[in-house]
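One letter stands for each residue in the lines below.
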Amino acid sequence: MKKIILSLFTLSLPALMSAANAATELEGGFKTGPAIILISILCVFVMVGILFRAKDTNDYYAAGRSISRTGSGMAIASNWMSAASFLGMAALMYGSGYHGLAYVVGWTGGYVLLLILMAGQIRKYGKYTAADFIGDRYYSQGLRATGAIIAILISISYCVGQFAGIGLMFKWILGLEYMWAVMIGGSVVLTYTLISGMLGVTKNMQIQYIIIIISFLIPLFILTFKFDYFWILPQIGYGSVVTDITNGIPSAEISQLVNAVGHDYAIAASPEFSMPWDPATGKTYFQWMAIAFSLMIGTAGLPHVIQRFYVVPKASDARWSVVWGLFFICILYWSAPVYSAFGKILSANPEVGKLSKDAIVVYTAQLGGIHPLIVGLLAAGGVSAAFSTVSGLLVAGASAFSHDLYVKVINPNSSPKKQLLMARIGTISMAIIVTMIAMLELGLIGQLVAVAFSLAGCTIFPLFLLGIWWSGSNRQGAIAGLIVGGLISIISITYFVAGKQGVVLPFHEFISYYLEAWYFAWIGAPLAILANIIVSKLTPETPEEIRKFLIEKVHS
Amino acid sequence: MNKDYHISFFRPTTERAKHNRNMVLWLIGIWAIAIFGFHILLRVIEKPVPEPQLIAFNEVWNDVKEGNADASSLTTFANSALHVAGKVFISTEHRAALDNGITWATFQLADSAQQVALTSALLDFEKAESEANAVTDADYLSAKRKLGGLATSILGLQPTEVLAKILPLELRSSSIEAITAENMEIIETCMPLYTIHNRSFLTDTTFLGFPFHYFYSAVFLLILFIGLCWAYCLRVDQYNKKMGIAE
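For the record, the sequence lines run as chains Z and R. When the letters of the first sequence are read in order and numbered with the numbering used here, they come out as residues 1 to 556. When the letters of the second sequence are read in order and numbered with the numbering used here, they come out as residues 557 to 803.
This is chain Z alone, in the form it adopts within the complex (with noise of 0.2 angstroms):
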């Protein structure tokens, strides 16, 4: 195999030295180094795949709970940072300064709730799906229905995201039709996930995550050493260059720093760029609180991160996966803004023009004067990030169709074989959805992403929060917090749609101001939590067997 791999690396060496010019340029046609890379890459994971492929249902779906912690955080880690991390949190803050921390800030603190919360005792329940817990514990096969529709929604949602972040760096790299680069790039992410299941897909999603990490702190290196920061730490040394564009530099102080394509390394004082809710940006202080919130609570509701704590082998595991995969994040979302930063100076001369925000973290290597394959290797991370999540969305969106509505709904007799073709099936089914909504270009990365997480947020968090720590929330209470958490998320849904669709409903304004699709679960989560509380008050209470196992299973 090493000699396979190195043969293979001697051989396109030369072709990635000769094609590494063609990358400079910041659109623009086919790149053949990076390009190289790109399948280099992706052939990495199909391998990996195969080497490590699914040999029955419970290795499909849980990746037979042999997954170390350390392993285990690396996959959370990777299953994570999708293109919104990747790509999508850098444009965040590019685009609005301080208001794109809400993110940073919101995707990170929701593991804390995650894990004193949720992950031991989501661990100790035993069961495979997020449907599946709901099922269960709320005695209800029509909730274990829902369930598993949600999860299929919000598992969508994500991945039409993910897709946009795949076709937006294959256009970059292939300069191909972004048509045809969600196609490829959803065919290649669906044959590793269907032939691997999850055992592949967390060994791959190791590797991808090492990949991701490395292609996306190389040239932070080169950038703090290049304008002369501390490099040591770039995570730190970017300190200075927030304080530089806040206070501006001057030309003639470093006439000797230029960018790319010539201008100096000199911006205009911007203080907009780094104080919180400034007016240029046009967000709000109750934007960023709501942002953070509702991040937060989503995050501890993703059923695609919640499903990763089925694939440790204890709860003692479980939780400190969630360490090691907070950790893991850390060293992204620590990085991330440090793109933002000198994205703003090397784009600050209106000569570069509008750039586009999601694919700055690219722009900004390339305006840094990066040497082009290292272009070419982050924007292949950027790939990479996009795949290890939908591979584990793929994952958990066929695991709540096939398991929990063709095996507990629909047919409860199916045989393991006829359950593995379902999971396939539905994994077959979702990417094609994904790729066809993917197509239609509906919003930014960031956005729908984040309509994912608001989603999880009023619906999912609360089933799981009073699930596990209140015996006294039962089906009745489940029905009504699902149905006031569905309803808000409905209105807020309609909303961004027609605003999309340049259509003005009655109190527009408000609406899409209070209840925006990114952080309608500020309050959705709440409401849905009061209202599971007081109908569980006025309702028969929650069977004994099921207050029995929560006591002598979940919290013994």
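Any given hint could turn out to be false.
[Claimed, not checked] No more than 27 angstroms apart at the CA atoms, straight line, and that leaves these computed lysine-lysine pairs for BS3-like: (1) R:Lys702 <-> Z:Lys548; (2) Z:Lys548 <-> R:Lys574; (3) Z:Lys283 <-> Z:Lys354; (4) R:Lys798 <-> Z:Lys553.
[As the list claims (entries may be wrong)] Negatives, chain Z to chain R, calculated, CB over 10 angstroms: (5) Leu51; (6) Ile218; (7) Ile551.
I should point out that these hints are in silico values taken from the structure, not numbers from a laboratory. Glycine residues also receive a C-beta, built at the ideal position from the N, C-alpha and C atoms.
Following the hints, position chain R against chain Z.
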């Protein structure tokens, strides 16, 4: 063992549950105060602070609007507008209005010979701009340098200043004659929008090179989250070991 089989987070019935509840409440308390408490504090103590360019703009704007501005006022107006046009978050609409103001003021400040030269240089630059394939094209760079040289001297800018570098890009041949009424309104609205910032000692104190609040949210909070998670896992493991609980 709870014989009624009732579980409630707030009313624990076992020692272990009490221990867990207390630990969770502590951690969530720290978590909530660290995130939301800090940002509430940031909000409470902040003050809207204008940039010097806005103060200068406000002093001359009425004269500019009413057509009574002298050379000094026009220079002040053009420089403050140019400062905002060069900002990193400027919208296309606002930039176009500011460009109108900058161009008009620059031509008002020029004498007749300079106006002729400036007009010619501006038209040459716009032609080169439309024909250039890249911003590094020699003709484009030459036209930009010529226009920049003329305009910066009129506005009293040093050629090495950041604003001098962007000035030629803000001049428009269609904006020489006057500032339109619509653009006047936009300029009046957008100047404070881009030059008033919410500041306090938390934003103005520098820590490890960062504005303190930025460091707090972008770096410290993430360290705190990992620390909270680590502390929780360690405490649970220690407690389980002490009590002889095997999971």
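Checklist line | 27 angstroms limit on alpha-carbon distance, applied to hinted pair Lys283 of chain Z and Lys354 of chain Z | finding: holds (20 angstroms)
Notebook entry, point to check: If you draw a straight line from the CA of Lys798 of chain R to the CA of Lys553 of chain Z, is it 27 angstroms or shorter?
Noted result: holds (20 angstroms)
Notebook entry, point to check: Are all beta-carbon distances from Ile218 of chain Z to chain R longer than 10 angstroms?
Noted result: holds (20 angstroms)
Margin query: Checking one constraint from the list: CA of Lys702 of chain R to CA of Lys548 of chain Z, max 27 angstroms. Satisfied?
Written below: Cα-Cα ~84 angstroms, so violated.
Next item on the list: Given the hint that Lys548 of chain Z pairs with Lys574 of chain R, test it: the Cα-Cα distance must not exceed 27 angstroms.
Entry: holds (19 angstroms)
Checklist line | Least C-beta distance from Leu51 of chain Z to chain R larger than 10 angstroms | finding: Leu51 of chain Z is indeed farther than 10 angstroms from all Cβ atoms of chain R, at 32 angstroms.
Check: Is the Cβ of Ile551 of chain Z farther than 10 angstroms from every Cβ of chain R?
Finding: Ile551 of chain Z not clear of chain R: closest Cβ-Cβ about 5 angstroms, inside 10 angstroms.
Violated hints, in rising order: 1 and 7; the structure is consistent with all others.
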